[in-house]
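These are the residues of each chain, in order.
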Amino acid sequence: MRLEPAPTGDVPAAPTAVPSASAVAEARRRRERDQWQGRRRLERQLHDGAALRASALVLQLGLFRHRVPEAEHELRAAIGTLQDELHAVLQELRDVAGQIYPPLLDEAGLGPALRELAERLDAPLRVRDDGRRFGPAAEGAVYFAVADALAADPVSPREVTIAGSAAELVVTVTGGGPGLAELLLDRARPLGGAVCDVSTPPDETVGTGTIVARIPCE
Amino acid sequence: MRVALAEDGALFREGLLMLLQAAGHEVVAVAAGGDELLALLAGTPCDVAVLDIRMPPEPDGGLVTAERIREKWPNMGLLFLSHYAESHYLMKILDIGTDAIGYRLKEKVGSVEVLTDTLTRIADGEIVIEPVLAKRLVERPRGEKKNEVASLSERELDVLKLMAEGRSNGGIAGQLYVTPKAVEKHIASIFAKLGLHTDETESHRRVLAVLTYLRSQRDGD
Numbered sequence: 001m002r003l004e005p006a007p008t009g010d011v012p013a014a015p016t017a018v019p020s021a022s023a024v025a026e027a028r029r030r031r032e033r034d035q036w037q038g039r040r041r042l043e044r045q046l047h048d049g050a051a052l053r054a055s056a057l058v059l060q061l062g063l064f065r066h067r068v069p070e071a072e073h074e075l076r077a078a079i080g081t082l083q084d085e086l087h088a089v090l091q092e093l094r095d096v097a098g099q100i101y102p103p104l105l106d107e108a109g110l111g112p113a114l115r116e117l118a119e120r121l122d123a124p125l126r127v128r129d130d131g132r133r134f135g136p137a138a139e140g141a142v143y144f145a146v147a148d149a150l151a152a153d154p155v156s157p158r159e160v161t162i163a164g165s166a167a168e169l170v171v172t173v174t175g176g177g178p179g180l181a182e183l184l185l186d187r188a189r190p191l192g193g194a195v196c197d198v199s200t201p202p203d204e205t206v207g208t209g210t211i212v213a214r215i216p217c218e
Numbered sequence: 001m002r003v004a005l006a007e008d009g010a011l012f013r014e015g016l017l018m019l020l021q022a023a024g025h026e027v028v029a030v031a032a033g034g035d036e037l038l039a040l041l042a043g044t045p046c047d048v049a050v051l052d053i054r055m056p057p058e059p060d061g062g063l064v065t066a067e068r069i070r071e072k073w074p075n076m077g078l079l080f081l082s083h084y085a086e087s088h089y090l091m092k093i094l095d096i097g098t099d100a101i102g103y104r105l106k107e108k109v110g111s112v113e114v115l116t117d118t119l120t121r122i123a124d125g126e127i128v129i130e131p132v133l134a135k136r137l138v139e140r141p142r143g144e145k146k147n148e149v150a151s152l153s154e155r156e157l158d159v160l161k162l163m164a165e166g167r168s169n170g171g172i173a174g175q176l177y178v179t180p181k182a183v184e185k186h187i188a189s190i191f192a193k194l195g196l197h198t199d200e201t202e203s204h205r206r207v208l209a210v211l212t213y214l215r216s217q218r219d220g221d
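Note that the protein sequences, when read in sequence, are chains P and C. Okay, so the first sequence: first residue is 1 according to this note's numbering, each after it adds one. Okay, so the second sequence: first residue is 1 according to this note's numbering, each after it adds one.
A couple of the hints might just be wrong.
[As the list claims (entries may be wrong)] Looking from chain P toward chain C, a few residues come up when the C-beta cut is under 8 Å (computed):
{"no.": "1", "residue": "A56"}
{"no.": "2", "residue": "L63"}
{"no.": "3", "residue": "I100"}
{"no.": "4", "residue": "P103"}
{"no.": "5", "residue": "E116"}
{"no.": "6", "residue": "V170"}
[As the list claims (entries may be wrong)] What the simulated footprint calls covered on chain P by chain C, stretch by stretch (three residues with Cβ under 8 Å from a Cβ of chain C suffice, anywhere in the stretch; the number is not a length):
{"no.": "7", "region": "39-52"}
{"no.": "8", "region": "82-91"}
{"no.": "9", "region": "118-127"}
[Unchecked claim] Residues from chain P that keep clear of chain C, each with C-beta distances beyond 12 Å, as calculated:
{"no.": "10", "residue": "L57"}
{"no.": "11", "residue": "A71"}
{"no.": "12", "residue": "H73"}
{"no.": "13", "residue": "A108"}
{"no.": "14", "residue": "A194"}
{"no.": "15", "residue": "D197"}
Please keep in mind that the hints were generated in silico from the structure rather than gathered at the bench. Even glycine gets a Cβ: it sits at the ideal position worked out from N, Cα and C.
Turn these sequences into a full structure, and let the hints steer you where they fit.
Put into C-alpha cells, the structure is as follows:
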C-alpha cells in the first residue's frame with residue numbers, strides 16, 4: 001500500500017492562520033503609512049545630519065577666511081568660492097529633501113506646503129484649508145499627487161480645497177487635466193482611500209472639472 | 001554688539017559662536033533651545049537674539065521664543081536662521097514684528113562681514129530678508145499682481161528686489177552704484193505703478209508695504 005503525501009496546497013489551514021481580506025488590506029495600509037513616516041524621518045535625518053554639517057563648515061571657512069591676512073586676496077577669494085560651493089551642495093540637499101518629504105508639510109501641513117509649492121512653480125493654484133492636520137501619510141499622498149499634477153499635466157489644477165475630520169481627509173481639486181484622477185488614486189488607494197469624479201461633463205480645454213479624494217487618517 | 005544665540009545643532013552653534021566672537025561681538029547667552037535662552041536672558045542686556053526656527057520647544061521653537069522675547073524685551077532685535085527660506089515662515093515672522101527683525105539662511109551668514117552687516121541692520125531697526133526669498137517674491141507675485149509687476153522697468157525691478165530684502169535707500173544706492181536721489185525717483189515710480197502709497201517714509205514700513213503687496217492674494221485665501 002502506497003502512502004500518498006498529504007496534499008499541501010488545497011487543504012484549508014486552521015481558520016486563525018488565514019488573514020481575512022480586511023486584515024490583509026489593513027496590513028497593506030499600515031505598511032504604506034510606515035513608508036510615509038519613513039520618508040519624514042529621512043528628511044529630518046538630512047536636515048539634522050548632512051545639512052547641518054555643511055552649514056557649520058561654511059561658518060568654519062568664514063572664520064578661517066577672517067584669519068587670513070587681508071593682503072592674501074587670492075586665498076580669501078578661494079575660501080569664498082568654497083563657501084559658494086557648499087551653498088550649492090545645500091541647495092541640492094534641499095531639493096532632495098523636498099522630494100522625500102517637504103519639511104513645511106511636516107511642520108505646517110498640507111495648505112501651507114501646497115501654497116509654497118505653487119509659488120515656487122509659479123502656478124496659479126488657489127489653496128483653501130482651515131489648518132487642520134491629517135497625519136503624515138494622508139498629507140504626503142495628497143501633496144505628492146498635486147505636485148505630480150502640477151509638474152506633468154498641461155492643464156494644471158486651479159484650486160485645491162482641503163477639508164475633512166480626524167478620521168478622513170477630503171480633498172477637492174478643480175480644473176486639473178485628464179490624468180489628475182489617476183494621480184490622486186495612485187496615492188490614495190494604498191492608504192484605503194477612494195477617488196471620484198464629480199464634475200459636470202468634462203471640457204477638454206479647461207480640464208476635467210472636479211475630483212474628490214477621500215483618504216482615511218491613522 | 002551684544003548677541004544671544006539659540007540653536008539645537010551643536011556643530012552649527014559652536015561655529016556661529018566663534019564667528020560672532022571673531023567679528024568682535026559680545027555673546028551674552030548661548031543655548032540649545034528657546035526656553036533655556038529665555039532663562040539666560042533674564043537680567044542680561046542684549047541687542048540681538050539669533051534664533052534657529054526649528055529647535056525646541058518643537059516644532060518651531062524659534063517663533064515661540066521670539067514672541068516671548070518681543071513681549072518681555074520689545075527693543076531686542078531678532079534674527080531667525082533656518083535651513084530653508086520659505087515665504088510661509090517669512091509671513092509668520094512679520095506677524096511677530098515688522099522692525100528690528102531678520103530671516104536668513106544658515107549658510108548665508110558665514111562671513112564676518114555679512115554677519116555683522118545683518119546684525120547691524122537689525123539692531124538699527126530694519127527688516128532683513130534672505131535675498132533668495134526676496135527675489136522669489138518679486139519674480140513670482142501672486143495672481144493679478146503679475147501685470148503690475150511686469151510693467152516695471154528692469155532697473156525698477158532691481159530696486160524692488162533690494163527693497164524686498166529690506167535695504168534702505170542708502171543701501172540700495174550702494175548696491176546699484178547710483179545716488180540716493182536716483183533711488184528715491186525709482187521708488188516713487190514703483191509705488192505709483194503698483195498703486196501703493198508713497199507716504200511710507202520709514203524704510204521698514206515701506207518694505208512691509210511691498211511684501212504685503214506681493215503676497216496679498218495669498219493672505220486673502
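Hints, verified against the model:
no. : hint    : result
1   : A56     : 4 Å, holds
2   : L63     : 5 Å, holds
3   : I100    : 14 Å, violated
4   : P103    : 6 Å, holds
5   : E116    : 6 Å, holds
6   : V170    : 18 Å, violated
7   : 39-52   : holds (count 4)
8   : 82-91   : holds (count 4)
9   : 118-127 : holds (count 6)
10  : L57     : 8 Å, violated
11  : A71     : 17 Å, holds
12  : H73     : 15 Å, holds
13  : A108    : 6 Å, violated
14  : A194    : 27 Å, holds
15  : D197    : 25 Å, holds
Hints 3, 6, 10, 13, counting from the list given before, are not met by this structure.
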